[in-house]
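Chains V, U, H and C, in that order, give the protein sequences.
According to full-length UniProt numbering, the first sequence is numbered sequentially starting from 1.
According to full-length UniProt numbering, the second sequence is numbered sequentially starting from 1.
According to full-length UniProt numbering, the third sequence is numbered sequentially starting from 1.
According to full-length UniProt numbering, the fourth sequence is numbered sequentially starting from 1.
Some hints could be false.
[As the list claims (entries may be wrong)] The list that follows gives simulated cross-link-like pairs (lysine-lysine, DSSO-like), each with its CA atoms no further than 30 Å apart:
| id | chain 1 | residue 1 | chain 2 | residue 2 |
| --- | --- | --- | --- | --- |
| 1 | H | Lys115 | U | Lys18 |
| 2 | C | Lys171 | C | Lys273 |
| 3 | C | Lys214 | C | Lys167 |
| 4 | U | Lys124 | U | Lys15 |
| 5 | U | Lys145 | U | Lys86 |
| 6 | U | Lys86 | U | Lys124 |
| 7 | H | Lys115 | V | Lys170 |
| 8 | V | Lys170 | C | Lys273 |
| 9 | U | Lys86 | U | Lys147 |
| 10 | H | Lys115 | U | Lys124 |
| 11 | U | Lys35 | U | Lys145 |
| 12 | U | Lys18 | U | Lys35 |
| 13 | C | Lys128 | C | Lys167 |
| 14 | C | Lys167 | V | Lys170 |
| 15 | U | Lys147 | U | Lys124 |
| 16 | C | Lys273 | U | Lys192 |
[Claimed, not checked] According to the in silico footprint, chain U covers these stretches of chain H (three or more CB under 8 Å from chain U):
| id | stretch |
| --- | --- |
| 17 | 181 to 194 |
| 18 | 204 to 216 |
Don't read these hints as lab results, they were simulated from the structure.
All residues carry an ideal CB built from backbone N, CA and C; glycine is no exception.
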Amino acid sequence: MISQASNYRRRAIVDQIMRGMAILATIVALIPLFLIIGYVIVRGGSSFSIAFFTEAYRAPIALGDDIRSPGGVLHGIVGTILITGLATLIAMPVGIMAGIFLAEYPSNSVAMTVRFCTDVLSAAPSIIVGVVAYTLIVRTTGAFAGYIGSIALAVLMIPIITRTTEEILKLVPQTVREASMALGAPKWWRTLTVVLPAALGAIVTGVMLAFARAAGETAPLILTVLGNNNLSYNLMAPIAALPLLTYRYTEQPFPVLNDLAWGTALVLTLMVLLVNISVRVATRNRLR
Amino acid sequence: MSHANQNEHPNITLKDLKPFYGSFQAVYPVNSIFKARSITAIIGPSGCGKSTVLRCINRMHEVVPGARVEGQVLLGDQDVYSHTIKPQAVRRRIGMVFQQPNPLRQLSIFENVAVGLRLDGMSKADVNVRVEESLRSAALWDEVKDKLNHSGLALSGGQQQRLCIARAIALRPSVLLFDEPCSALDPISTLKIEELLVELKQQFTIVIVTHNMQQAARISDHTLVFLVERINDVHRGVLVEEGETSQIFTSPQDERTTDYISGRVG
Amino acid sequence: MPQDTQQLTTWQYIQRRTQHGDVFFWFITLSFALAVVGLVAVIGFVIWNGSELARERFGLSALFQDGWNPIRGNFGALPAVYGTLVSSMIALCLAGPFGVLIGVFLTELCPQWLKTPLSFFVELLAAIPSVVYGLWGVFVFAPFFRDHVAIPLANSVGQVFPLLGGTVTAGRSLMVTGIILAIMILPTIAAISRDVIAVVPNHQREAMLAVGATRWEVIWKAVLPYARAGIIGGMMLGLGRALGETMAALMIVGGQKSRVPESLLEPGITAAALIASELPNANDFLHESMLIFMAFVLFGITLILNGIARMLVWYSARGPVGSIRA
Amino acid sequence: MEDIKAHRSPLALQRTVAERTIGHVQAESRTTRLQIANFSFYYGAFEALRDISMEIRDRQITAIIGPSGCGKSTLLRSINRMHDDTPGARGKGMIAIDGTNIYAHDADPIMLRRRIGMVFQRPNPFAKSIFDNVAYGLRVLGWRDRNAIAERVEQSLRKAAIWDEVKDRLKSSALGLSGGQQQRVCIARAIAPQPEIVLMDEPCSALDPIATLKVEDAMLELRRDYTVVIVTHNMEQAGRVSDDTAFMLMDSQTRAGLLVEFGATGNIFTNPKDQRTEDYISGRFG
């Protein structure tokens, strides 16, 4: 009485094959991704040493068969923290305030324009921002410097912070806003006492994600920061940065420097992993 | 009743039916018989598991991740949960209409009705005949015959719902399940659907879930009342009473049914 | 009736005069929001202005001429244009189908316990800096590809199809770049496919299931058509990312700037890589202006792609109401 | 009152208003507090409410009933201009409190909302302590005196019939309470600044029957001091608690909300003048 359609067998086989294909595609696609992370961990990990974290660059000198250690990447770590830290300081107020504007005045033409502009900024290849910073600042001041890199990175961070702030603030239930509104609270009071406290943790994670992304950006730095082989704390002059070291040491003919490139890549990757995982853990607790 | 007749118009029997979500049993065991060529209404407050029970009948319950069913659902004398039977075959035999009218967005009105037939690989000519027949049965043909190529979404809510009924009828099932089919519709569309249901019961065994008690009273022959039982913060659906609709609404046997029907709970 | 009988302080008086302070709040947030608009204006102005020399001198035709050689004053950017397009198209052709299938797997087929970790992993990969992909490409993938794919390919198929032929020397080539770019944009496409498939309403799936469709028939006839616009949008976003990607291309593409390579297995150049490598030490204003001009074109193309893509994703998430399909 | 009980629809809960309201003043003596006259409301070009007129009396409970989508919430929210931030939303006509039009040009919505309390469909406490939730409205008004605040908080919680349940945990988060408790804290929050009118938008639709009864008790308690307007989809509830009832419907052509009938609750439920009201009350709709 309950009978199967006559062509069911063929359909069932197609079903099986296509579902298998989707699984297979996922596995195949994950292979290179696992390989990359695996290589970075193994080869980067083996180049880790105390000197790696405590010394700046030393020129590799051949002593017989042995090539002396080229020092470490402390200058890159310091540079990245300084450059990205300044970038965060620039981007945070702009991004958060603009995000508040978008969330609290969501549907006028100014908000549409602002939203369009954040989309433009986040769509722009990072090299474009580098080109603009180069043309506008490096060319006029005549010098590469760390702070120019910070400005370029800040421009890349702003759309991320703005949009996460907007999204997070919009997640704060409208009903809670209404409760405050119905009690006669002005908008600014409502935002400060109800909306922002509820969203603060998530905004911080948004900033952290932007920081992680900016710390790995390389292209704008090539055009603005230039790089430095010595440990420097001066953002007004060329300064080293981890992604720049990864790039430059990749291009070097010395295997010891190539090893350092793997090491810096691992540092960058670990940072991205840590930030993303901690953000994920933090937001999961918030949502449940 | 001859065997062939029983085949054509089978009863549905629920035997110790227990729907689970993961390890949570959502409803206490249900035993009941839904008679052929009649309308059985399942009423109850939200969260009482009435939709869940309905979806067990054509094996739509198990589509939800982690959901499973214990017990039996007999269509005539065949258990739809038998290992030899595929859920796809069950669903072709037991059609379903959902709460929200759900024409497939990318398909035309015609293709929406034909979609199940196309899966079977039915010939073009046969499809044409069957689509027209189904749309006529669903009392929609006159309204859409000139725009069969238009999107189903261009129809009003009530028309969309009748389109979905036509889609279910097209496979010539013997049972039609309705999951709150009118809750998204305006009063006039509701009336049309109700009239259609009464019409359709000549050919199909009909089970309808509704939260609207008046609706159940208007159209159904039998009524099952489900309620939520709360024990230690665990909410579980329970079948509290079943019987002739007139009897349920005029002289319910169970105190809880009285409370529910008089609006004291739910 | 009870009233707020408390005395107004001066501050409260001022607040009420200025709509309870909301005007200030509006003004402050607005200024920061307009700063974002200002940034875009500055970017647009700078690359428009900076590329003026090249635009007046060559116009778009420079993008279709071969033989880039700044020292001799030849600014034919065709090799870069060709390299950018070809590597991005390779990336899209590889990552597109894979990405969509991953999206399907994550939403429709994946067991519940695997969903969150796998989704998270895919998102994580989009966050890994591109210089890391470049590094891996240079030291691991390019040599592997040269020895096990490129050389055998050039020696067999390459004899017939020059596009896959030529002499394979270094591992770096447009093909390798395209493959690395594919790996890089795969998470983007997969994540967007997953998102647009996840918002396909369940009632669409139920409609197919209730007429006795198999799982794949539900995906093929109800889910993918519904999500089609969004999936295409996701691919375009991926393409935009591939077009503008600088570091991986700069490290792997090989830096062959002077001519259009005959074979995909030869080194080439992409626009972004060309800009990054030559702008800081450009010979003269014209050279610089030409590079900025290329940045301008790149910016324009990625903007258009992104604009369309976002519209498609948005359209897919919202869905048209009452659209007519004749 | 007794007549109402006797003639109420058989579906209505058999429970008199009288037994739940002690010391309530006779309805007839109440004056008009809130006057709605020829009020229409628009979302852009869409007319959501058409030409509504009714008079809401002081210290009475007025229920607005009707099927979903009929605009009853829109009407309620128009009374304290909650739509002001919605682009394109605008009201036409008059809503006046004690004769002052709240849609006049110089009317200040923020001051208006300080005079009107509102309780929403879903309990929406802030992610703050119970105490801070109730004190929020007072702090908005600029209260600084801790003792005065504490006193008013207790008074409001008592009025909302929740004091006994929360008095030992005032410092713990309001989100830890059950739905019914949260809703009563929200009521306490709404009445803490001692508004003149309290609006309630389906305040019990997310609650179970027992919590519903408690909230209804709180409502009847509020009627001593406040003018209460309640939107509900539950006709039995309207029958149980309200003095006046407005029945609204959606125009099937334009989808605009219309006021079909307005009058004393007893009349609406037992002797509706309009056929559509009768249809609705007897369950022909929805």
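The hints, checked one at a time:
1. At roughly 28 Å between alpha-carbon atoms, lysine 115/H and lysine 18/U fall within 30 Å of each other, so this suggested pair holds.
2. With a C-alpha separation of about 52 Å, the suggested pairing of lysine 171/C with lysine 273/C is violated against the 30 Å cut-off.
3. With a CA separation close to 17 Å, the supplied pair lysine 214/C and lysine 167/C stays within the 30 Å bound.
4. A distance of roughly 41 Å separates the Cα atoms of lysine 124/U and lysine 15/U; the hinted pair therefore is violated under the 30 Å criterion.
5. Pair hint lysine 145/U plus lysine 86/U does not hold up; C-alpha atoms about 35 Å apart against a cutoff of 30 Å.
6. The straight-line distance between the Cα atoms of lysine 86/U and lysine 124/U is roughly 26 Å, inside the 30 Å bound, and the hint therefore holds.
7. At most 30 Å may separate the alpha-carbon atoms for a hinted pair to count; lysine 115/H and lysine 170/V meet this at roughly 26 Å.
8. At most 30 Å may separate the alpha-carbon atoms for a hinted pair to count; lysine 170/V and lysine 273/C exceed this at roughly 45 Å.
9. Distance hint between lysine 86/U and lysine 147/U is unfulfilled; the C-alpha atoms sit about 36 Å from each other, more than 30 Å.
10. This hinted pair does not check out: lysine 115/H and lysine 124/U have alpha carbons roughly 41 Å apart, beyond 30 Å.
11. Of the supplied pair hints, the one linking lysine 35/U and lysine 145/U is violated, its CA atoms being roughly 34 Å apart against a limit of 30 Å.
12. Using a Cα cut-off of 30 Å, the hinted pair lysine 18/U and lysine 35/U holds, with the two alpha carbons roughly 20 Å apart.
13. Distance check on the hinted pair: lysine 128/C and lysine 167/C sit about 16 Å apart at the alpha-carbon level, within 30 Å; holds.
14. For the suggested pair lysine 167/C and lysine 170/V, the alpha carbons sit about 33 Å apart, so the restraint of at most 30 Å is broken.
15. Restraint check for lysine 147/U and lysine 124/U: satisfied, since their Cα atoms lie roughly 19 Å apart, inside the 30 Å limit.
16. Between the alpha carbons of lysine 273/C and lysine 192/U the distance comes to roughly 26 Å, so the proposed pair stays at or under 30 Å and holds.
17. Given as covered by chain U, the stretch 181 to 194 of chain H fails the check, having 0 residues with a CB less than 8 Å from a CB of that chain where 3 are the minimum.
18. Under a criterion of three residues with beta carbons nearer than 8 Å to beta carbons of chain U, the stated coverage of the stretch 204 to 216 of chain H is upheld, 11 such residues being counted.
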